Amino acid sequence: MVGLVVVSHSHTAAEGIVEIAAEMAGETNIEPVGGDGDGGIGTVPDDIESTLATADDGDGVVVLVDLGSAVMNAEVAIEMSDVEAVIADAPVLEGAVNAAVAATSPDATLSSVREQAEAARDIDKL
Amino acid sequence: MSPQRDAGTAAVAAVENVAARIEAEREHLTDLDSAIGDADHGGNMARGWQAAADAVSDLEDPDIETVVKTAGKTLLSEVGGASGPLYGGSLVFASAELEDGLTAESAVAFAETYLEKVQDRGDASVGDKTMVDALVPAVHTFKKSVETDDLHPLEALAKAVAAAEHGVSFTVPIRAAKGRASYLGWRSVGHQDPGATSTLYIMEELLATAADHLDTDVPSADASSPTSPDAEATEE
Chain Z
49 MVGLVVVSHS HTAAEGIVEI AAEMAGETNI EPVGGDGDGG IGTVPDDIES TLATADDGDG
109 VVVLVDLGSA VMNAEVAIEM SDVEAVIADA PVLEGAVNAA VAATSPDATL SSVREQAEAA
169 RDIDKL
Chain G
313 MSPQRDAGTA AVAAVENVAA RIEAEREHLT DLDSAIGDAD HGGNMARGWQ AAADAVSDLE
373 DPDIETVVKT AGKTLLSEVG GASGPLYGGS LVFASAELED GLTAESAVAF AETYLEKVQD
433 RGDASVGDKT MVDALVPAVH TFKKSVETDD LHPLEALAKA VAAAEHGVSF TVPIRAAKGR
493 ASYLGWRSVG HQDPGATSTL YIMEELLATA ADHLDTDVPS ADASSPTSPD AEATEE
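If you read the protein sequences in the order shown, they are chains Z and G. Count along the first sequence from 1, add 48, and you get the number used in my numbering. Count along the second sequence from 1, add 312, and you get the number used in my numbering.
Check before you lean on any hint, since a few could be wrong.
[Said to hold, decoys possible] Once the Cα atoms are required to be at most 25 angstroms apart in a straight line, the calculated DMTMM-like pairs of lysine to aspartate or glutamate come out as:
1. G:K385 <-> Z:E127
2. Z:K173 <-> Z:E163
3. G:K381 <-> G:D370
4. G:K381 <-> Z:E163
5. G:K490 <-> G:D435
6. G:K490 <-> Z:E127
7. G:K429 <-> Z:E127
8. Z:K173 <-> Z:E63
9. G:K429 <-> Z:E63
10. G:K456 <-> G:E411
11. G:K429 <-> G:E372
12. G:K385 <-> Z:D130
13. G:K385 <-> G:D373
14. G:K490 <-> Z:D137
15. G:K429 <-> Z:E132
16. G:K490 <-> G:E459
It is worth saying that the hints were derived from the structure and are not from the lab. Being a predicted model, the structure only gives us computed values, none of them experimental.
Work the whole structure out from these sequences, hints included.
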């Protein structure tokens, strides 16, 4: 099953997004990571790398990210990691919800889940 | 002492000098970042470079590649913001160019690879109001000075520092297109970019350290460069 990782500058925000997405996620493994490691705002590649390993059961991981350095540190983590992981170019909350739903499909793949996450870019709210 | 061992020792000194300089400029960098960003650049950079200085001074008889790679890896894990992947990740990646030691040619290759990685990772171009605005003119000037003008590497580095200084000034009047400052739109205009500024400080310390280890005065950039290197760089 494709796993999900939510990366935010705030660990609290990452947990909250996971809490919302998990409602739709069924059995999907969806893990939060974020913060600078000392309770502050930031992201740390080593933390993201270990979270990728936690979320992966062999079918790969789709990564949702918030701002600037979360993207870069997720890229660094993916380069360091043995896990097959891709970043979805999507709004972090809506993308996580979409990805969680997509991952529950029996024939979900890394690319199908990523594609559904990225479809969240076109969601109109009004 | 072999030349390559010597280059490793110089690299350790360079990282220590950068750490001291960034610590001295911590408040200034934070002030710049408060104006157009999230006010963490001074603190993040000071913490990261101090950790990097500690890590490289623990190495035994390191070669320059090991020093640069160790500093980069430490920055990657210690800096909580974009400076981690941009400075640290790029140092790790570019350190491979120094595998056979430090020469004018490998220094040019290192600078070019470092720039390439920063631009690739940050997806930034000249004019986006980022460290790239200091780095591109500096690297291009360094390469031309070494390869085309056949200058001594130290003179080439002095010219590169002068070019970076112009790049930093260039970030003031322009509107940010990348990084946290881009969220401010036109309000980012009139402020100097913190990342370009810290890039300049690092380059000034590299120049001062190189001059120190070659036991020569820092050459002033000649008349074809509009300014000479920052006076602070010559005080080290």
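Hey, K490 of chain G versus D137 of chain Z, does the alpha-carbon distance stay inside 25 angstroms? Between K490 of chain G and D137 of chain Z the Cα gap is close to 16 angstroms, so the pair holds against 25 angstroms.
Holds or violated: K429 of chain G with E132 of chain Z, Cα cutoff 25 angstroms? holds (22 angstroms)
Can the restraint linking K173 of chain Z and E163 of chain Z be considered satisfied, given a maximum Cα separation of 25 angstroms? holds (20 angstroms)
Does the structure keep K429 of chain G and E372 of chain G at a Cα separation of 25 angstroms or less? Given that 25 angstroms is the threshold and the Cα spacing comes to 28 angstroms, the pair is violated.
Would the pair K385 of chain G and D373 of chain G pass a check requiring their Cα atoms to be no farther apart than 25 angstroms? Cα-Cα ~18 angstroms, so holds.
Pairwise hint evaluation, D370 of chain G against K381 of chain G, where the allowed Cα distance is 25 angstroms at most: holds (14 angstroms)
Decide if the proposed pair is consistent with the structure: K385 of chain G and D130 of chain Z, CA atoms, cutoff 25 angstroms inclusive. Holds - the C-alpha atoms of D130 of chain Z and K385 of chain G are around 18 angstroms apart, at most 25 angstroms.
Within 25 angstroms, alpha carbon to alpha carbon, are K456 of chain G and E411 of chain G? holds (23 angstroms)
Are the Cα atoms of K385 of chain G and E127 of chain Z separated by 25 angstroms or less? Given that 25 angstroms is the threshold and the Cα spacing comes to 13 angstroms, the pair holds.
Please work out if K173 of chain Z and E63 of chain Z have their alpha carbons no farther apart than 25 angstroms. holds (23 angstroms)
Against the 25 angstroms threshold, does the CA-CA distance of K429 of chain G and E63 of chain Z hold or violate the hint? Cα-Cα ~31 angstroms, so violated.
Is the straight-line distance between the alpha-carbon of K381 of chain G and that of E163 of chain Z 25 angstroms or less? violated (36 angstroms)
Violated hints, in rising order: 4, 9, 11 and 16; the structure is consistent with all others.
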